[in-house]
Amino acid sequence: MTETEVFIQQVILGLSNGMIIALVALGYTMVYGIVELINFAHGDVFTLGGFLGLTIVGALGAAAIIDPGALGETSNWLLLVGLVIGCGLFCGVLNLSIDTVVYKPLRRAPKLTQLVAAIGVSFILVNVALFWGGVPMDVFSGGAAAAASKDFPEILEGSNLLGEDSNVVLRLEDIAIFAITIPLMIGLTLFVKKTRLGRGMRATAQNPIAARLMGIDTDRVIAATFLIGGFLGGAASVMWSVYNNTISFQMGFRAGMDAFTAAVLGGIGSLPGAMVGGVLIGLIRAMSDQYIETRWTNVVVFSVLVLILVFRPSGLLGLKQREKV
Amino acid sequence: MKAVLPRFAPFSRGQLVVLALLAALPLVAPSYAASGRTIIVFAIMGLGLNIVVGWTGLLNLGIAAFGALGAYAYGILTCEIYPFQFGFWGGLLLAACVGAVAGVLLGAPTLRLRGDYLAIVTLGFGEIVQDALKNLEAITKGTQGINPLPAASLPGVDITSETPVRWFYLYLAILAVVVFLCRNLEFSRLGRQWFAVREDELAARCMAIEPDKAKLKAFATGAALAAVSGALLASVLSSTGEPANYDFQVSILALCIVIVGGIGSITGVLVGAIVMIGLNNIALPAISDAMQQAGIGSTSNVFTSPNNYKYLTFGLALVLMMRVRPDGIVHSRKAVRK
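Heads up: the protein sequence lines correspond to chains D and X, in order. Each residue of the first sequence is one higher than the one before, starting from 1 at the first, in my numbering. Each residue of the second sequence is one higher than the one before, starting from 1 at the first, in my numbering.
The hints are simulated quantities; they were obtained by calculation from the structure and are not laboratory data. Any given hint could turn out to be false.
Below are the BS3-like pairs computed for lysine-lysine, each with C-alpha atoms no more than 27 Å apart in a straight line [to be verified]:
id : chain 1 : residue 1 : chain 2 : residue 2
1  : D       : Lys193    : D       : Lys104
2  : X       : Lys141    : D       : Lys111
3  : X       : Lys213    : D       : Lys111
4  : D       : Lys111    : X       : Lys134
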């Protein structure tokens, strides 16, 4: 494998992982933009999306698990899209319910109170995921070792699209990630730019009081934000599980950290910022894995974050904001 | 002013009551002395975190990292495989210094960040320290941890792992000293600067307080106390343990202690440590044992093992506290909420 091929391979890996991180980061950045809350539980909503995905696959039967080709190509794609939509809706509704039950009554409380409540929700969801892993289903190995990570079956065929003798590997899964994340991102951008509700979101993000005075139902805007953010997280969790072929009850912590770092890197509150940040984090991780050492990758990612924040405290694409007095 | 600044009494009434309660713990059952040491260790970490979060209003989500640095500093400075061997007290004091320096190193470039950004940077710092300690095997022995480490010592008193009650009372004395220091800090010029910065940075600046300096001092003090707690824990375990023992969960446990007990209140932190560690180290294992004896519990089934309800318990405790009593069990008179 030549130097260039290694580099191209890492770029593919980095882009694929980065697109998934970007989807999760969008959930953080949207919620932060509207209610100025670091939704700490977002990563764990993501985890539960992966668990629902595995449960559905398990319920559909062993055929899909043992032989990835058994369902036939079209039905594989249908299954994947179905999982993305199903888990997305589940996570969206879950995120919305968390907001209604926990965050909404604390909306006027100090920021620290809200953040601590979010951390509490995150811990509860981690425990829910732990229990979910103990459900006696075949895909959870009969529920015997709940805390162990679970294998997520190969849904798309794993062969190399560039031919078996090519050193650079490009799998169907990489294509699937782009085919699903890019339309989602375009859709989100259009939604926020063109629709009435999207305009309400931008107005609420700028100034919630003024938005309310202009007749915008801010409660509805906030609800929509949590719903959409959760949907993107759920969609990302399916892509992540299919791509990495393993899930665990703590995966949301790592993924959430990466995604939040991405959101901050791009400038929190900014949608294009989260997308750019996610892809950047994915690329940095891939390059660090290859050219430094895998075990130092987390250190590299956070050092980059600290450096960027020190020199550009509002992130790469964030607007300069003065602390309100 | 004298009523507001009671500087002559070493402890407040509440602090005395809680310290006395702790002192009575081994009298109830000598076996509680071991858990009692853990309570004290976490109370000290909580007091450190309270300075940063409660008094200065900076959210630190990586306090465990300073505990880890303290433990490893203690390990390297006292373990026989290294050329230093400063002994228990030397190791403890130097660990505090290492913690303070680390606090300054992290704080200096990042304290100007807005609140939430700072929280994430500290969270990231916690992860970095863990990874670095794990990866620098040549110095830290990786996941094995550094051991054996010297037990606590006091001239004229024989303290070994066979005498947990004596060990407990020595730690209690150290805790009393820390409480005394914190109480004095609270009413000092520096303490009042911290409160001013927490309440309104701009107004504090107008009063000729330099917020960045005050924050840095809070960070360093909090980190030093956390490092002391790490060193004390390492001494109890006679090992630094593996770096993963100082993960995000520990930082959250410390935050729970501060928030459940009563943010900003020394007595509150002590109560929080008793409640949270009591729950974690005494109540949950006791329930677990009782269930196993009754034949209903089994460790192989995730639903019937009480240990698996830990996250749920912590999470519910945090959420409920925020909903019902966001100021904690013990209200701080000084904590004025916006």
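Quiz item: Are there hints from earlier that the structure breaks, and if so, what are their numbers?
Solution: 2 and 4
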